[in-house]
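Please arrange chain B on chain A, whose structure you already have, making use of the hints.
Protein chains: 2
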Amino acid sequence: MAGLPAPLEALITAFERLPGIGPKTASRLAFFILRQPDEVAQQLAEALLAVKSQTANCPVCFNIMLAGQERCQICADPRRDESQLCVVEDPLDVLVIERTGGFLGRYHVLQGVLNPIEGIGPEQLRIRPLIERVQEGRVREVIIATNPSMEGDATALYLRQQLAPLGVRITRLARGLPMGGDLEYADQNTLLRALAGRQEL
Amino acid sequence: MAGLPAPLEALITAFERLPGIGPKTASRLAFFILRQPDEVAQQLAEALLAVKSQTANCPVCFNIMLAGQERCQICADPRRDESQLCVVEDPLDVLVIERTGGFLGRYHVLQGVLNPIEGIGPEQLRIRPLIERVQEGRVREVIIATNPSMEGDATALYLRQQLAPLGVRITRLARGLPMGGDLEYADQNTLLRALAGRQEL
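Respectively, the protein sequence lines represent chains A and B. One gets this note's numbering by counting positions in the first sequence from 1 and adding 1 to each. One gets this note's numbering by counting positions in the second sequence from 1 and adding 1 to each.
Just so you know, nobody snuck in bad clues.
Here are the computed distance ranges between Cβ atoms for each label pair: (1) Ser-150/A to Gly-182/B: 32 to 38 Å; (2) Gly-102/A to Arg-176/B: 46 to 52 Å; (3) Pro-149/A to Thr-101/B: 42 to 48 Å; (4) Pro-117/A to Thr-14/B: 34 to 40 Å; (5) Tyr-186/B to Arg-141/A: 51 to 57 Å; (6) Glu-119/B to Glu-40/A: 17 to 23 Å; (7) Gln-70/A to Ala-77/B: 53 to 59 Å; (8) Phe-33/B to Glu-40/A: 20 to 26 Å; (9) Gln-70/A to Pro-179/B: 52 to 58 Å.
Simulated crosslink set (DSS-like; lysine-lysine; CA at most 25 Å straight-line): (10) Lys-53/A to Lys-25/B; (11) Lys-25/B to Lys-25/A; (12) Lys-53/B to Lys-25/A.
These are calculated hints, taken from the structure and not from any lab test. Cβ atoms here follow ideal geometry from the backbone N, Cα and C, with glycine treated the same way.
The shape of chain A in the complex, shown without the other chains:
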């Protein structure tokens, strides 16, 4: 682009690499940074550099934790119910469920889902440590909260197969119409699921 100095181009390109940020938004963000006091760019740069070096995976649940700690805040919290284990795909899912305030058990982060096309089998996921945690005997219910997608469903079925012999209760998050949603805007699959899963009133 004529008239755009290289450092500004570089920043736009770097922003464009982030998910959901197209060329227009990337330009807007770069020019915003340019207009702001130095601290804005500096704080973001420092946070970016720190986040990878100062975090690690919890050795128990594989959620994100502060580097150098023995286990994550949730695993270390004695008030969290050990008998309920919620299995999710990645750390962002933990954050999302925590925000609801509706779950007081513990988590297990698979760090992905089964995806044969991309070569992700059970060995690439944290499934073995999950089975070992359940084998310890304190877990009574495993809530499988993988995404309601093809891969999420396949992973859920695989986990059920693996966990069934251990005699724990295995559940999956409910499917149906989203709250506040409108019937006429629901896609066909969601509507079929909502019908099939209808409950007594």
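Then chain B, alone, in the frame of chain A:
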């Protein structure tokens, strides 16, 4: 948020400071950075730190240029028509107009618009250098391309008042229905403008 290590919180907060990025998008971006190889975070961090120190304002048109240069690429380009001067609010507007490929003249960046409520008067903008450029005598037309907003219109009127005695042609970007737009979705003001500005077919 329970379970979120401080460096991750800091990154989410830094992303949230960017325009158009809410808490959900900020979390998604931060967790994306976490999943990527170190280079992604590093390149963005370096670009952020470089952009402020390695750029400067062009002393002629006040657009962004590489620090240490005498003038910006557009001002230094002898093929750009000196007789047409497009006046914009900020450097992003230059980029947007350049992308259209429809303007081959030069620019003048005001670095803002008149806004009495925020205490921005003519002295806070690059209006004096604009008048001086026009006084040099090579400019024949000043195209005022401030935004179609209250402040943009007020700034355009002020500029017309200041430039009129200099005997140059003063124009303003056309208002009307956006291309590809649908009449029934146009807001009332746009439609009124389109009516008032109707042209012979």
